[in-house]
Amino acid sequence: MFPDVRLSRRPLHFIFLCDCSGSMRAGGKMPSLNQAIRQSLPEMVQVSLQNPEAQILVRVLRFADQALWHLGTPTPVDQVLPQWRDLEAGGLTAMGDAFRELAAVLRTPPMEQRALPPVLVLISDGAPTDDVSEGLRTLMAEPWAAKAVRLAIAIGHDADLEVLQQFIGSEPGAGGERGSAGQGLDGDRRPGTPAERPGRRPLQANDSITLARYIQWASTAVLGAASQPRSQVGGAAPDTNVPLPDLPPTVLDPSDASQVVW
Amino acid sequence: MERSGWLTPRCESRTGASHRRRGIPCQDSSGLWCFEDGSGEPIQVLVVSDGHGGSRYDRSEVGSLLACRVALEALQRELAGSRLSQHPDPQEWRRWLAEVLPQRLLERWRHAVLLHAGAHPRSDGAPPATLPYGATLGVLLLTPHWWGCTGLGDWDLVRIADDGTAELLNEEPVLSGGGEATLSLCMEGAERHFAARCTLEAIPADQAPFRLLLSSDGIRKSCGSDADFLTLARHLGDLAAAGSGDAAAAATAGRHLREALDHISLQGSGDDVSVAIARWGRLDASAEGHGRKPDGPLIVQPGQEPAPPPLAADAARQRPQAPIAPAGAHRHAAAWSGDQRRWHGSTPWLRLCLAALALAVAGAAGAALFGMGLFTRRLSAPGGASPELLGVLKQQVDTLCRAQPPDPGPGAASTAAAGSATTGASSGAASESPPAASADRGGAASPTLQASRLSAITDTLNQRRSSFRDLQRRAIRPEAFLARPAQDPTGALIAWSALQSSAARPALVPALELCPELREALRLQWQRAQVPAAPGAADQTGAPDSPNR
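These protein sequences, in sequence, are chains A and B. In terms of the numbering used here, the first sequence opens at residue 1 and continues consecutively. In terms of the numbering used here, the second sequence opens at residue 1 and continues consecutively.
No lab work stands behind these hints, which were simulated from the structure alone. Bear in mind the structure is a predicted one, so any value in this text is a computation, not a measurement. Some clues are possibly wrong.
To be verified - Covered, in the sense of this in silico footprint (three residues per stretch, anywhere, with C-beta under 8 Å from a C-beta of chain A), are these stretches of chain B:
#1 52 to 58
#2 183 to 191
#3 224 to 233
#4 256 to 264
To be verified - To give an idea of the chain B side of the interface with chain A (calculated C-beta under 10 Å), a few residues:
#5 Ser18
#6 Arg110
#7 Ala248
#8 Thr490
The beta-carbon is built from N, C-alpha and C at its ideal position, and this holds for glycine as well.
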């Protein structure tokens with residue numbers, strides 16, 4: 001209709017930040033992570049088809065001794081699976097470096113002004129071994145990082161939940177309500193307090209099934225919510241822009257004795 | 001001698017492709033009013049408004065409609081009784097646009113919103129408030145000697161010169177909070193923000209033809225770049241100008257403009273789109289500038305699309321929007337459903353009161369229908385639930401209950417930790433299946449396995465306590481979950497159990513075979529949802545992967 005006008009969908013950048021430290025070799029964590037990501041890709045394509053106004057572009061940033069882009073070019077979601085290479089584990093946990101790399105790509109340019117809030121999913125099984133505070137400061141200084149939907153998945157019990165919580169944002173509830181053993185609370189609501197929004201605490205994945213479900217949730221339900229733009233009144237907290245859907249069930253098969261718990 | 005002036009303006013609003021697909025009403029509105037001041041000088045007012053999306057602003061389509069209405073009425077009331085010639089200083093008008101008008105406008109808007117809120121109380125009992133009606137507002141005021149704009153929010157104003165050169169004159173600065181952040185009428189002290197968007201330009205005697213395009217953000221966000229947006233603005237201005245002449249040409253131009261806006265949303269952002277286009281040019285003996293303009297306010301907001309069957313698998317649904325009568329052809333309030341609404345009125349306050357009364361009656365009727373459970377007509381086609389919903393529910397029950405596990409035999413140790421919930425058959429439970437469908441899935445499992453299964457199911461449902469409570473308190477309706485079963489199968493099952501417990505509507509709810517553990521776990525959740533948690537009460541199972549595992 002308008003040959004000299006470029007009409008286009010709004011870009012939605014979905015970025016996995018994956019811990020590829022040596023500890024991810026243990027217990028089948030790395031194969032489980034690779035499988036979970038691979039399994040989520042076809043469903044992400046379905047989300048893309050259901051939300052044609054958003055152009056979903058996927059990237060993967062791995063961090064071990066340093067942060068390197070595993071898939072550095074924003075790739076249309078339907079083109080990711082054919083070129084997917086499994087992540088490999090080995091080295092330290094340079095999470096701070098990952099945050100600095102991420103900050104660089106969230107600047108404008110290259111980020112488009114008309115882009116939808118990006119979705120950032122941080123997955124880690126341990127504690128950072130570099131200056132993560134400086135990296136996080138660099139990242140959160142970028143406006144697009146503040147606007148982004150930030151999720152964190154802790155693999156196993158050795159993950160640094162405090163750092164993951166800092167990545168997500170301030171803890172819900174005054175004074176920070178933590179469960180026992182540093183785990184997040186569920187959505188049980190006390191009288192007079194607002195319901196806790198799912199995903200506002202690190203998601204704890206202690207087995208491959210739970211990991212897969214959380215990654216599926218992040219890459220489908222959350223992605224679907226982020227694909228539907230909503231205006232927000234200026235000055236409101238960025239996390240009120242994309243209402244996160246409820247978490248998936250994480251039921252262990254009681255008859256499956258082979259399930260490994262990290 | 002050639003005389004120049006403002007030609008016939010045009011405004012349009014269209015439901016965005018994304019909203020049409022999801023059955024969400026258009027949250028954009030636009031409007032215009034052509035009238036004369038006290039000395040007979042012609043004045044035009046054009047407005048666009050964009051309601052915010054999201055659950056917090058669930059009445060924003062009303063907010064944007066009211067914003068357009070009160071803006072047109074406020075300006076008409078202020079200017080119809082004044083004489084522009086007696087106030088020739090444009091700066092005096094600029095101050096009025098920046099400081100005085102916003103206060104009056106916000107006062108009227110808040111009053112209209114609270115009137116509507118009072119007539120339509122919220123189901124959660126929250127007091128009337130303006131937040132759910134949040135919307136932006138852009139206003140263009142056109143006189144023979146100057147033109148001005150004011151407002152707040154993420155609308156844009158483009159000027160297109162006679163040679164086709166387009167220039168972005170006015171845009172909202174980038175706010176903290178992101179690309180979707182915008183100022184809003186519902187904000188405290190919103191009046192203060194109008195001044196920053198206020199512009200006033202004098203029109204010289206030899207002014208060449210030009211156009212002004214006022215648009216909501218859905219258009220600019222559909223363009224690959226600002227250069228594309230400016231080129232598009234020029235095209236839209238051309239479409240509006242093509243309607244000069246007789247009524248047939250105007251109708252054709254209107255149709256083309258609507259098709260263009262639909263195309264922009266479909267190929268671009270998917271958002272609702274609105275434009276209001278003003279044209280300065282030579283007035284001649286043709287219909288332009290002489291009585292072809294509506295003599296009352298014209299407000300455009302597409303009527304709510306009939307919601308697609310929410311249980312259908314195909315979420316992509318394009319519905320053609322109904323054709324519209326040419327502007328000025330009729331004075332009527334169009335039907336609310338299916339058609340594009342165009343309001344014409346020469347007695348604005350009477351119309352506003354009648355509209356408020358109509359809304360109050362509609363709200364009371366809607367509440368009665370809700371109480372009668374007629375909304376559940378959407379949930380199930382004649383004869384039961386849709387195959388998709390039934391399939392998802394059965395699959396979710398299977399996932400939670402699992403098939404009959406192999407009996408490990410006497411003396412074999414259980415591999416799963418026992419949960420803390422009690423076992424046992426439920427009696428009179430809210431979630432009990434109909435007697436005819438009460439086949440016991442886990443009947444042959446050992447007590448230890450039953451306990452571990454109940455614990456696992458309880459852990460799953462514990463993550464959704466907020467859903468049980470929201471349904472119990474009617475803060476959310478079951479159909480919100482049942483409309484998207486594939487996306488949220490657990491939510492669909494919880495909503496199913498909520499309807500199951502309603503004695504008034506069991507016939508409309510599909511029957512499911514639950515294992516005793518699932519039945520018991522649901523019963524416990526509903527029991528808990530009725531009791532507020534005591535302050536400081538410890539959480540039993542904590543995170544999805546509790547230490548109990």
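Results for each hint:
Judged by the Cβ-Cβ criterion of 8 Å, the segment 52 to 58 of chain B is covered by chain A as claimed, because 6 of its residues qualify and three suffice. For the segment 183 to 191 of chain B, the stated coverage by chain A holds: 4 residues have a C-beta nearer than 8 Å to a C-beta of that chain, and at least 3 were required. Counting residues of the segment 224 to 233 of chain B whose beta-carbon sits less than 8 Å from any beta-carbon of chain A gives 5, enough to reach three: the coverage restraint holds. Figure legend: the segment 256 to 264 of chain B, annotated as covered by chain A; annotation consistent (4 residues with Cβ-Cβ distances under 8 Å, at least 3 required).
The criterion of a C-beta within 10 Å of any C-beta in chain A is met by serine 18 (chain B), whose closest approach is roughly 5 Å, and the hint holds. Look at arginine 110 (chain B): its Cβ only gets to about 15 Å from chain A, farther than 10 Å, so that hint breaks. Annotation: alanine 248 (chain B) was flagged as interfacial toward chain A, and the flag is violated, the nearest CB pair being 22 Å apart, outside 10 Å. Against a cut-off of 10 Å between C-beta atoms, the interface hint on threonine 490 (chain B) holds, since the closest Cβ of chain A lies about 5 Å away.
The structure fails hints 6 and 7 (numbered hints given earlier, in ascending order).
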